[in-house]
Amino acid sequence: MRNSTLYITATAAAAVLLCFLFFVYPLLPRSAVTEQERKEKEHLLQSLHITDLCLFTEASYTRHLSQADRFAAFQDHPLAIEHFPSGSLVSPPDSFMERQ
Amino acid sequence: MKWLERQRNFIDFTLSSLSRRKGKNAALMLVYTLLVFVISSVIFFTQAIRREAEALLTSAPDMILQRTVAGRHDLIPLSYGEKIKTIRGVKSVQGRLWGYYYHPAAHSNYTVMAADDVTSGDDTAAVGSGVARTWQTAGDNTLYMKAFDGKVLGLRIAKVFSDTTDLVAADLIVVSRATFGRLFGIAGTLATDLAMEIGNQKESATIALKIVQLYPDTRPILREEILRTYAAIFDWRSGYIIVLLSGTALAFIIFAWDKATGLSAEEKIEIGVLKALGWDTSDVLLMKFWEGTVISLTSFLLGVIAGYLHVFFASAPLFAHALKGWAILYPAFKLTPAVNAFQIGTLFFFTVVPYAIITIIPAWRMAITEPDAAMRQI
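So the sequences go chain by chain: A and B. According to the working numbering, the first sequence is numbered sequentially starting from 140. According to the working numbering, the second sequence is numbered sequentially starting from 167.
There's no promise every hint is true.
[Said to hold, decoys possible] Covered by chain A, according to a simulated footprint, are these stretches of chain B (three or more residues, beta-carbon under 8 Å): (1) 198-209; (2) 220-229; (3) 272-282; (4) 504-517; (5) 524-534.
[What the hints assert, rightly or not] One side of the interface only, derived from the structure: several residues of chain B facing chain A at Cβ under 10 Å: (6) Leu181; (7) Ser185; (8) Leu380; (9) Tyr381; (10) Leu495.
Keep in mind that the hints were calculated from the coordinates and are not lab data. Even glycine gets a Cβ: it sits at the ideal position worked out from N, Cα and C.
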């Protein structure tokens with residue numbers, strides 16, 4: 140087989156795979172969250188009035204980002220500095236930045 | 167068809183030319199693929215988290231009202247809610263009871279929330295899958311918690327939320343309001359904050375203003391603010407990762423530039439020979455264009471596919487270390503694929519196109535010299 144045939148076939152296959160992953164895979168029923176699971180999640184969110192995603196559990200101001208105030212990161216003691224690793228990874232809530 | 171056959175001949179020639187310098191080209195492709203892999207992983211991850219947050223947090227309360235004392239969040243009297251209910255436009259006000267519990271044995275923080283609809287009894291709890299995984303209940307399916315007065319409270323796990331709710335509930339311990347009071351010693355007249363439902367969303371800002379005038383020690387948080395916080399959350403993070411990556415990217419650019427702009431002695435002779443055999447300058451340039459395209463397109467496709475598999479099939483294990491921080495209880499990110507075609511298009515434009523173009527310049531310089539000068543490397 141010619142090298143070009145091999146290359147074009149492999150590249151086309153990779154491009155088709157990529158298109159499948161981008162546009163078809165997310166729509167497949169087994170990859171989509173089932174209706175039952177979606178309902179359970181929605182019920183949980185509404186009944187508990189959940190406001191935040193559980194991304195970082197190490198500090199209150201990163202666990203409940205939207206509920207943190209300006210001082211949450213520094214209130215451990217009067218000379219406290221913000222020291223949790225996730226604090227250096229997430230930006231403070233958008234509304235704080237706008238007011239500044 | 168003739169044109170197509172001609173291009174295939176060029177590809178054949180390019181591939182055999184590349185295979186003559188296997189080691190160098192394989193190293194280049196590996197670095198190239200890795201770079202595309204990391205950048206596309208960041209793009210996929212941030213995009214999916216943002217999409218997930220948007221979808222989930224539309225169910226968040228319209229407004230949350232906190233009370234602050236000396237700049238700190240404090241408990242809010244439920245009597246505030248009674249007066250707030252009378253403000254026109256407020257549909258309902260409900261006191262939320264929630265807090266944190268640190269479990270020394272697991273070295274982990276948990277979020278404890280009180281719910282009205284705990285039907286399994288006051289001595290039970292519904293927990294997120296992360297709690298079930300990390301608490302170390304020693305087989306009897308009971309969470310032993312130390313209450314505010316030092317007494318030990320045993321709560322039987324009545325329900326474990328499914329893995330699919332991990333992104334919002336991994337660290338949740340849901341108990342009844344009575345149990346929450348026993349655990350933290352909070353009087354029944356107080357709440358952590360107030361969750362409000364508002365009839366017309368457009369009135370949210372006005373209602374918030376009225377509440378602050380009524381109770382100056384409160385701080386309203388609107389759902390829009392929550393959504394904006396999460397819409398922006400990973401922007402900085404992805405920027406942060408890209409800043410860290412910029413060193414790698416620069417090293418790669420130098421490497422690729424050196425490879426693409428400076429032809430090796432062998433390549434110069436090859437061009438000289440081709441010219442002597444009757445190849446046009448345009449033929450040489452076309453051959454070099456295909457060489458750049460083969461390397462960059464292959465690396466791009468491999469890198470993006472690997473990035474997709476890494477984030478959506480393997481839950482981004484390579485990012486776990488950076489994302490975990492001090493968090494022992496680390497939620498598993500089972501993300502629904504969400505792809506921003508524009509971002510991938512940009513990545514394609516900035517990785518494939520420049521490389522394919524810069525490989526042509528040195529080849530053109532060499533191709534316009536006389537064949538014997540090229541072969542003698544003058």
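**Report entry** chain A contact restraint on serine 185 of chain B - CB to CB distance below 10 Å
**Finding:** holds (8 Å)
Query - Outcome, coverage hint (the segment 272-282 of chain B, chain A; C-beta under 8 Å; three residues) - result: holds (count 7)
Query raised in the report: Does the CB of leucine 495 of chain B sit less than 10 Å away from some CB of chain A?
Result: holds (5 Å)
Query raised in the report: Do three or more residues from the segment 220-229 of chain B put their C-beta atoms closer than 8 Å to C-beta atoms of chain A?
Result: This one holds; 5 residues, not fewer than the three required, reach chain A with a Cβ under 8 Å.
Query raised in the report: Hint check: is the beta carbon of leucine 181 of chain B less than 10 Å from a beta carbon of chain A?
Result: Holds, about 4 Å.
**Report entry** Hinted contact leucine 380 of chain B with chain A - closest CB pair below 10 Å
**Finding:** violated (20 Å)
Report task. Report holds or violated for chain A covering the segment 524-534 of chain B, Cβ cut-off 8 Å, minimum 3 residues. Result -> This one is violated; 0 residues, fewer than the three required, reach chain A with a Cβ under 8 Å.
**Report entry** chain A contact restraint on tyrosine 381 of chain B - CB to CB distance below 10 Å
**Finding:** violated (16 Å)
Query raised in the report: Are three or more residues of the segment 504-517 of chain B within 8 Å, CB to CB, of chain A?
Result: Per the Cβ count (4), the hint holds.
Query - Proximity test - 8 Å, beta-carbon atoms, the segment 198-209 of chain B to chain A, at least three hits - result: violated (count 0)
In this structure, the hints that do not hold are numbers 1, 5, 8 and 9, in rising order.
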